[in-house]
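**Student:** Required output: the full structure, derived from the provided sequences and hints.
Residue 240 in UniProt numbering sits at position 240 of the sequence shown; the count goes up by one each step and never skips.
Because the hints were derived from the structure by calculation, they are not lab data.
Predicted model, so just to flag it, every value in this text is computed and none were measured.
Don't take each hint at face value.
With a straight-line cut-off of 35 Å between C-alpha atoms, the simulated DSBU-like cross-links for lysine-lysine are [said to hold, decoys possible]:
no.: 1; residue 1: 114; residue 2: 177
no.: 2; residue 1: 184; residue 2: 8
no.: 3; residue 1: 184; residue 2: 114
no.: 4; residue 1: 200; residue 2: 16
no.: 5; residue 1: 8; residue 2: 114
no.: 6; residue 1: 200; residue 2: 184
no.: 7; residue 1: 16; residue 2: 177
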Amino acid sequence: MNWDVAHKVAAMEAVKAHRDLAIDRNGYVDVYGALLRAGMVGMARPMPRLFGVYAAPRDNGPAVLLNASLDIVAQRHTAAHELGHHRAGHGTSLDEELDRARTWGDGSWPDEEKVAEAFAAWFLMPPPAVQSALVQVGVNRPLVPEHAYRIARILGTSYAGTVNHLHRLRLLSRVQKTEWLRVKPASIKANLAGNTVPGKAHVHLIDTGTHGATVRVDAGDLMVLSNTRARFESLPPALQRPEDAYGQISFGDDSASGIAEVTDMFTGAASATVHFPGVTGLLEFTLERQSPRDGIQSLWPA
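**Tutor:** Listed below in structure tokens is the structure:
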């Protein structure tokens, strides 16, 4: 089976899964809620050489074991990948390859892994959700790598995975896909924040398209206002200015006034408001803490 066939099979199964598991196809996909509604037992624990494990019904499943050491994005993708095995009726699978990008498309993937991997993309990035993300970004189609990065933040997906999927949705040419995959997310984050962003922290650009949206964040992530004359009117107490957070890293005064960092004290959800020049009223959005799942009870939504 080649990748084109795998994607055709997976795209159809993802639509069925969205319907069967009551998934809203217009935005961020609740993959853990989907696992719960699929009747799968789940847990997450640190595993040095595994993304995840799917246990088929004949092996006392259906169950999923996720690597608790992965970041949120990789863990969400793995959860969707394991759900893909379940939906396709596959047998028990140990997903051992920790560098998917290195072997993507090289012919070494078994057919079942191709289908599960393609399912993860279509499940987490259904076309209506991608279109909604484009509206939030303010474009009809992605024009620069930054747009792909912002779509990835809205949908909770990886930059590379998003670029590949945008190409499959015919929103990027093959040449664009190849060129954009050469761009490092770290450079995009640095451009958005005006300085190097430490570690695996993400940058969430806040503009008028964010009004009414939910921004899903983890500790260390940065909120960056797109307009240098905009200002935060209210922020949850657990967010702080980057000059307080990073110590030796110096953001300029103009930049820092439009940047806030999520600290580990932030939990749950809270609202934030921003004043944008020329916009009537305050822009309001919701911040919601997302963090890698660990243990058993924390795997599932409350």
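**Student:** A separate judgement is required for each hint: does it hold in the structure or not?
**Tutor:** Okay, the hints, checked on the actual structure:
| no. | hint | in the structure |
| --- | --- | --- |
| 1 | 114 to 177 | 20 Å, holds |
| 2 | 184 to 8 | 29 Å, holds |
| 3 | 184 to 114 | 25 Å, holds |
| 4 | 200 to 16 | 34 Å, holds |
| 5 | 8 to 114 | 11 Å, holds |
| 6 | 200 to 184 | 12 Å, holds |
| 7 | 16 to 177 | 28 Å, holds |
Violated hints for the displayed structure: none, as all numbered hints are satisfied.
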